[in-house]
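Put together the whole structure using the sequences plus the hints.
Chain by chain, the residues:
Number of protein chains: 2
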Amino acid sequence: MFDVIKQDLAALEEAMIATVQSPVAIITEIGTHLVQSGGKRLRPALYFLAARGGVSFDRDKVMPLAVAIEMIHMASLVHDDVIDSADLRRGTATANSKWGNQLAILGGDYLFAKAFSLVAGNGYDDRITMRLSQLICDLSAGEIIQNKEIYKASRDEAEYYDRIAKKTANFLADCCEMGGILAGLSAIETKALYEYGQAIGMAFQITDDLLDLTAETDAIGKPAGNDILQGIVTLPVIRALGVSADAQELEQIVTCREMSASMLARAIEIVKATDGIDYAQAKVDTYLERARTVLPESLPVEIREAYQMAADFIRLRKY
Amino acid sequence: MFDVIKQDLAALEEAMIATVQSPVAIITEIGTHLVQSGGKRLRPALYFLAARGGVSFDRDKVMPLAVAIEMIHMASLVHDDVIDSADLRRGTATANSKWGNQLAILGGDYLFAKAFSLVAGNGYDDRITMRLSQLICDLSAGEIIQNKEIYKASRDEAEYYDRIAKKTANFLADCCEMGGILAGLSAIETKALYEYGQAIGMAFQITDDLLDLTAETDAIGKPAGNDILQGIVTLPVIRALGVSADAQELEQIVTCREMSASMLARAIEIVKATDGIDYAQAKVDTYLERARTVLPESLPVEIREAYQMAADFIRLRKY
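Line order of the protein sequences matches chains A and B.
Numbered as in the numbering used here, the first sequence ends at 319 without a single skipped number.
Numbered as in the numbering used here, the second sequence ends at 319 without a single skipped number.
In short, the hints are calculated from the structure, not lab data.
Derived contacts from chain A toward chain B, CB cut-off under 10 Å, selection only:
id, residue
1, 111
2, 114
3, 117
4, 128
5, 140
C-beta: ideal position from N, C-alpha, C; glycine also.
The structure is reproduced here in structure tokens:
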């Protein structure tokens, strides 16, 4: 999709494989499996684009932070999969299903630490290290809030936005901003890039939550309604809890820890009978419109176009 | 025990409580519980002593790293307790028993990130950040190796030393060295401090493993032989597997994942009938002797004395 950073992303794969090599065989094994299980590499892509937004670009300087960014994302997914007892991610066996919860927890810790050593050892300034650690604080805080709220049937939209900002959008925003800092862009430009990342991050997570309700089982490797099953209330459900004539029945289902398949199917049916899906989709469009307009005019045209395409891609994605 | 750093340790408690304050109530709650559950604060103590070994000492400068050090230790204990499904630590409820595995995993991640943001935001140099991230890599690698080897009845002493170095001794060594760096000590002095920390770290972990076999249940909140029960083979057991006439029976027990209480009692009996305990104790004494002799002569007398006392304390500790 992003021709301008295609070689950066190819080099990233090599750099990640090199990073997970360890004298401890099992660490290399787990790390290699996680890298090879793939992923969209959205975060490093957003970062590379911003890093190419200035007058010069030094891949050797930029690469360690790209690896660190993706490793932090991978570490959080590994811990998420332990928490969710997930067997598959993107159709591939999760670390916990292959090596057990213990090794998966420790493997995640290892990736977090490795990310920091990459940043510490490559002469980035304090702003970068600060951003990176704040980002993990936010990530875990977002997950903690989500976990605390499961099976609670909250109808609080503001709380939902706060949670997905912490869990997803701030991370994407930080990636854009850190790239901008390395590109030597002005404070105004990096702030605009941050806001772009924030907006597509919100759109991305709401879309993720929509797809959880609407996608086929095999597309993302999870059954439809998996969030509801896990007690996680997302925007279409929050909307339905507010407007549906069957809101009480929906509430009873989404607060039930022993949810049967037919209860889940009924909950999805109730949500789909409301404007919950369209309502959430409209929010996605608002965020994407904001993302498109906030992009600095001063960016090189191929970078601006790639960022616009990223926004289009989020609107269209079906997995 | 350490009068010279008594006020530093008191200030540390306050700084830790301040650090875990968060707009997210549950984070403050978990963090405060973990800080108030106490601990020996051995790592920050070793660090403070070294930091007071130079010509000047600036507590404001030194404190954030002390908090970071103890938070990394706390985070690793929180994840350990999830992995071990432990209900109690030092007689207090563990995070996983109070809030469940999910929040405990995420709470640990949060503490790791918080530790890094403390270091990133306070102008320490790259050597410190590198050391800190390498330290977590080592910590998780040590735990990963241990986890991979459970119920394996290894008789390899070298592997045991490598594992406890990664799990414990390197951390203590890093604390001494980082304090020395902040005190502005010479490369020779900081290297000697590192070796001191390494030696008492080895002695400390072997003692821990000895106490697991010999202590009463209520002293450390775990039943005697807990390591064996979890499939972790420590030095006295490795020794017994090598020298006991009942080595085969011992091997059968320590490799059994469905270990009954009477099997465990028999395993402890077999180990205690050999020189395993004395053998491990002799290793402790060798490491402590090395710790005492490696200390730089140039350290202020009160710091040298405190470090000597730390070595004596490890020799005597019964909990």
